[in-house]
Amino acid sequence: MTHWPDRHEFDVYAELLDRHIVDEDRCSVGKVDDVEFTLDAQGRWRLSALVTGTAALHDRLHGPLAGILRLLLRVLDGREAPRRIPVAEIVSVAADVTVTRQGAQDAASPSEQWWRDRVVARIPGSDRAG
Amino acid sequence: MNRILGLALGILSSIGGFVDVGDIVASGTIGARYGLSLLWVLVLGVIGICCYADMSGRIAAASGRPVYDLIRERLGPSAAMVNLGAALLVTLMTLTAQIGGIALIFELASDIPHVVWVVPIGLVLWLIIWRVRFQRLEKIIGLSGLTVLVFSIAVWWLEPDWGSLAAQAVAFAPPPDEALPTYFFFAVALFAAAMTPYEVFFFSSGGIEDGWKRKDHRSQRVNVMLGFPLGGLLSLGIMAATAVALRPTGMDVSTLGQVVLPVMMAFGVVGAIVAMFGLMIACTGAAFETAMTCGYTLAQYFGWTWGKSLRPAKAARFHVAVAGTLLIAMVIVQTGLDPIMITEYSLVFSALALPLTYIPVLVVANDCEYMGDLANGKVANFFGVLTMAVILVASVTSIPLMIMTGTGA
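Residue numbers (the numbering used here), protein chains in the order written: chain A, 1 to 130; chain B, 1 to 409.
No lab work stands behind these hints, which were simulated from the structure alone. Only a predicted model underlies this, so the values are computations on that prediction, with no experimental measurement involved. You may find that some hints are simply not true.
Output of the computed footprint for chain B on chain A, the stretches with three or more beta carbons under 8 angstroms from beta carbons of chain B [unchecked claim]: (1) 18-27; (2) 36-50; (3) 107-120.
Some but not every residue of chain B turned toward chain A, in silico, with C-beta under 8 angstroms [what the hints assert, rightly or not]: (4) R65; (5) D69; (6) R72; (7) R131; (8) K213; (9) R311; (10) A316; (11) H319.
Each residue gets a CB set at the ideal place from its N, CA and C atoms; glycine is no exception.
Put together the whole structure using the sequences plus the hints.
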């Protein structure tokens, strides 16, 4: 297991992008759909945040795939805007990226919430595991 | 006793995965037309699905993550999305075929047209997904699906000429009056029915839901090595039954009623009822697995919370996706398209899409970063690569054979 905050160099593609993000209770948060870099005072690029959300993924795709995703975003949920998880909230990076509960909460998917509140939670039995 | 019930996941996967409407139609048609001369394909299919289900089970046990989660990481978002699209399309077709199959069985039993049954079937399926516990469902479907064995018993009861059956089984060629391309078309369909892509996705995701850990990989291997060959035997029973009872009459099987006919000849109406019940259970298991698989693959690609072991409110998008695919499949069957035709097409497109499913599984199972000491050994890779060769041949030839033979007409 690699503890993230100590790392100086890494391979964004191999170690971060498209990894599954979970919180400390192993609940799913989303995927690393994109990453955000900021230029620091010394002129070096530093990882500042993970970005999750289908809209962020859309920006990485091209051609017809991006088109399909755009359609999907429009039809299914206009609520999939990119959400940031600041690098300070990362607990560890291994097979999954683990983030703090707070980071997970801030990056929780609005569309998951929308479907839960508007549809699923209204159906009897939604509070009992099947 | 727990040990036996622990095998239930394997048996459910094999009943629902191996014996589904695709197998019933393929095995029934093939038995009546070619006797047992395509048995070798069934054997290849069983070896192939055992090999790849074992890999996907090991992936789940070793990494704690299902196959689709890793596909996106390994292939990148674009290739994985193409893969997702193909997997979804084929799985949706397979789900549609199962619902059509169940509806046909009810039509057969009640004489009421199959389109009438679509909505009730869809509702019951959704209720099962919504309410029934995974472990309970495994046991119910696994055990009651064993009634498909009535086909095998019927074969024995009808006192066939065992010598001629054995001769057919080792002929490796069509009967003299049958054309070679059609023979190979049915070979591809039968292989695709055995290897239907949703099986590995369902098996690995189901393993995660059952909470498999690294230490469980042995018991999951037992699951695979018992469950899928059992499914193969059930399929063989159907094939042998139509081979024994219908082939001598020259009857071409084109309805589910004809598939059940051999059991009726052996055991009368009671036998037919048991057979229809068994087939209905097998299709229901497969419908459950395919609907869940649509949800699993979507959720695992996009990183949604998923699973039946969670409260539905905790996995809202997953449940919406599963219910949505179920609804689309119901609408397609409701249009009145012939379910047998849907089944045939679903088999051809499954064959076409086989490499998209199985190549990533083979790649991930060889990845030591995820797999550690559970990565593929020499034996697994030998059978994996061998099966992959067959998969590629089946995939490349599926569409040309379909066009050449007019879907095996």
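Status of the hints after comparison with the structure:
1. 18-27: Satisfied; 5 residues make the cut.
2. 36-50: violated (count 0)
3. 107-120: holds (count 8)
4. R65: Status holds, d = 7 angstroms.
5. D69: Since the shortest Cβ distance to chain A is 6 angstroms, the answer is holds.
6. R72: Because about 5 angstroms separates R72/B from the closest Cβ in chain A, which is inside the 8 angstroms limit, the hint holds.
7. R131: holds, 5 angstroms
8. K213: violated, 13 angstroms
9. R311: holds, 5 angstroms
10. A316: Hint holds; A316/B Cβ to chain A Cβ min 4 angstroms, cut 8 angstroms.
11. H319: Holds: closest Cβ of chain A sits about 6 angstroms from H319/B, inside 8 angstroms.
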